[in-house]
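Peer 1: Mind docking chain D on chain S? Use the hints.
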Amino acid sequence: MFKEIIETFGVTASDTTGLVKGLNGGIVSEDPGMRLISYVALGLCLLTIVLIVYKIIFLRRDASIGVTTRWIFLITFIILSPLTYFISFGIGIEKSKPVEFCNSCHIMNSHVDDMKDPDSESIASLHYKYRWISDDQCYACHSDYGLYGAVGAKFDGIRHIMDYYVLGYPKKLKIRDTYNNERCLFCHAPVESYQDIEEHQEYAAEIKSSEQSCFGADCHVSPHPDETKEIEDTRRTK
Amino acid sequence: MNSKRNYYTMILIIAGILNILGMILIIIPVVELTPLTLIISAVFGGGLVILSIAVYAAVVTRDLIKRGIL
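Protein chains in written order, with our numbering: chain S, 43 to 280; chain D, 14 to 83.
Certain hints may be false.
Some, not all, of what chain S presents toward chain D, calculated at C-beta under 8 Å [said to hold, decoys possible]:
hint, residue
1, Ala83
2, Thr90
3, Ile94
4, Ile107
5, Tyr127
6, Ser130
7, Phe131
8, Gly134
9, Ile200
10, Ile203
What follows is a set of in silico ranges between Cβ atoms, one per label pair, in the way DEER data are often shown [claimed, not checked]:
hint, chain 1, residue 1, chain 2, residue 2, range
11, D, Leu64, S, Glu248, 44 to 50 Å
12, D, Leu64, S, Glu240, 56 to 62 Å
13, D, Arg75, S, Val208, 42 to 48 Å
14, S, Leu88, D, Asp76, 24 to 30 Å
Chain S regions said to be covered by chain D (calculated; three or more residues, Cβ under 8 Å) [as the list claims (entries may be wrong)]:
hint, region
15, 119-126
16, 141-152
Note that these hints are calculated values from the structure, not bench results. No residue lacks a Cβ here, since even glycine has one placed at the ideal position from N, Cα and C.
Isolated chain S, as found in the complex (with noise of 0.2 Å):
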């Protein structure tokens, strides 16, 4: 039926994210919020280099360190350099919340081509197809709320980029941690239709404290099918 609706308006459920093909977000970026933050980022950085570089060069031509050059230095290595540290890792942050930066390992691909099969009924895809996520649907699933969350997933997501690269992945992708149940129930706890499941009332607690998980147990059906758990590529597993 989706599948139908899609094709007759002449688009694929990947274009319906909105999102620019390919990875590079930098500043080609759609967003002007993000574009001038790039170019600020950038223009720090360049600063930055500016200023250490003619030091540099002054200091070769005179041993003596001067006031201007006291300061020059305590405002690049104290201020300027951080700052662009963490404009740059803010903006890499923000950008790699989209499905497409998710679905560039391609340990994710098979997750993520499920998530996109307008005939696959999983949990993901349902909330993809659908559009109950608007948008970075990975992250919304992935991430907890508030603060902490969005610094949490991320520094989970550099523990990934890591196994990928460096020091391998299981063979069986399997999630780290028992799955945070709230992250459901932010959307979902304040539905009437929610409320009206004689279980969830039962199990309330059991559910709010994730010791009970909304799949399997004869409740909701697999977030991700098991088929696409299994990894082809082995060249870097555990």
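Peer 2: Same frame as chain S, now just chain D:
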């Protein structure tokens, strides 16, 4: 005395070079974002910048102690 000053100047220059290398690594994901450039920026770029700041701080601290300020 002068050679010691040159020695610390040299250390400052090394800190500056480390900082420049760190800056170059840090800015890569702003231009081209991939998982690899992101981790290089966050880990290696950040590491180089922290190292350069530590070297700079050590030189400054030593200078302040020598002047009797600290």
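Peer 1: Hint by hint, note whether the structure agrees.
Peer 2: Hints versus structure:
{"no.": "1", "hint": "Ala83", "verdict": "holds, 5 Å"}
{"no.": "2", "hint": "Thr90", "verdict": "holds, 5 Å"}
{"no.": "3", "hint": "Ile94", "verdict": "holds, 4 Å"}
{"no.": "4", "hint": "Ile107", "verdict": "holds, 7 Å"}
{"no.": "5", "hint": "Tyr127", "verdict": "holds, 5 Å"}
{"no.": "6", "hint": "Ser130", "verdict": "holds, 5 Å"}
{"no.": "7", "hint": "Phe131", "verdict": "holds, 6 Å"}
{"no.": "8", "hint": "Gly134", "verdict": "holds, 5 Å"}
{"no.": "9", "hint": "Ile200", "verdict": "holds, 6 Å"}
{"no.": "10", "hint": "Ile203", "verdict": "holds, 4 Å"}
{"no.": "11", "hint": "Leu64/D x Glu248/S: 44 to 50 Å", "verdict": "holds, 48 Å"}
{"no.": "12", "hint": "Leu64/D x Glu240/S: 56 to 62 Å", "verdict": "holds, 59 Å"}
{"no.": "13", "hint": "Arg75/D x Val208/S: 42 to 48 Å", "verdict": "violated, 36 Å"}
{"no.": "14", "hint": "Leu88/S x Asp76/D: 24 to 30 Å", "verdict": "holds, 28 Å"}
{"no.": "15", "hint": "119-126", "verdict": "holds (count 5)"}
{"no.": "16", "hint": "141-152", "verdict": "holds (count 3)"}
Checked against the numbered hints listed earlier, the structure breaks hint 13 alone; every other hint is satisfied.
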